[in-house]
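Student: The working numbering applies: residue 504 is where the sequence shown begins, and numbers increase by one.
Read the hints as simulated data drawn from the structure, not as lab findings. From the three backbone atoms N, C-alpha and C, an ideal C-beta is built for every residue, glycine too. You may find that some hints are simply not true.
[What the hints assert, rightly or not] The calculated lysine to aspartate or glutamate pairs, modelled on DMTMM-like cross-linking and capped at a C-alpha distance of 20 Å, are:
1. Lys555 with Glu600
2. Lys539 with Glu565
3. Lys535 with Asp585
[Claimed, not checked] If you anchor each label on the Cβ, the simulated ranges turn out as follows:
4. Arg527 with Pro632: 25 to 35 Å
5. Leu586 with Arg557: 33 to 43 Å
6. Asn656 with Ser611: 38 to 48 Å
7. Asn588 with Lys539: 30 to 40 Å
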Amino acid sequence: MKLLHGVTEETFTSLTFDIPGHERIRKGFVDKFKGKSPAVAYVLDASTFESKLRDAGEFLCELLKDPILGKNNFAIVCNKQDLSNSKGISLIRRRLEEEINLLHEIHSRSLNKDEENASSTSSLVIKSPGKDFTFSNLKANVQFLEASATDQNGLMDLQSWLRSVSG
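Based on the provided sequences and hints, a complete structural model is requested.
Tutor: Take a look at the structure:
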């Protein structure tokens with residue numbers, strides 16, 4: 504296939520779903536398309552990450568806990584790495600792990616107050632009892648990637664990951 508810039512590259516067919524960021528509508532989109540995807544690329548704005556950490560952690564936790572999506576390959580794509588105020592992938596990984604631990608603790612406390620719901624916690628757990636959550640302990644293969652959508656070179660890691668999970 505010939506691209507606009509006159510470069511010929513090997514291509515592959517894939518189907519991409521862009522899930523809206525608005526909390527009210529994204530769950531419906533996830534439910535509609537989750538059975539059709541072997542992988543999830545979760546894109547974060549690395550330049551505004553700290554201010555949106557809670558929302559990012561909650562939504563990512565929902566995706567990881569999902570019985571269908573939780574078995575998929577995941578790429579946490581830290582976009583806008585070309586900006587000077589962007590956070591690096593090691594900091595983003597650590598902060599997401601801390602946030603998911605905090606969310607799990609809050610959720611566990613609220614369930615412990617209501618003993619009737621205690622049996623439902625097993626489907627919501629993505630960490631081992633007594634241990635802190637880490638992405639490396641998940642069944643899903645989770646990779647963190649740096650990206651910058653301002654030029655083609657900034658997306659090479661994401662393109663490589665997409666090729667690896669599309670087979």
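Student: So, for every hint listed, does it hold in this structure?
Tutor: Here's how the hints hold up against the structure:
no., hint, verdict
1, Lys555 with Glu600, "14 Å, holds"
2, Lys539 with Glu565, "17 Å, holds"
3, Lys535 with Asp585, "33 Å, violated"
4, Arg527 with Pro632: 25 to 35 Å, "33 Å, holds"
5, Leu586 with Arg557: 33 to 43 Å, "21 Å, violated"
6, Asn656 with Ser611: 38 to 48 Å, "43 Å, holds"
7, Asn588 with Lys539: 30 to 40 Å, "36 Å, holds"
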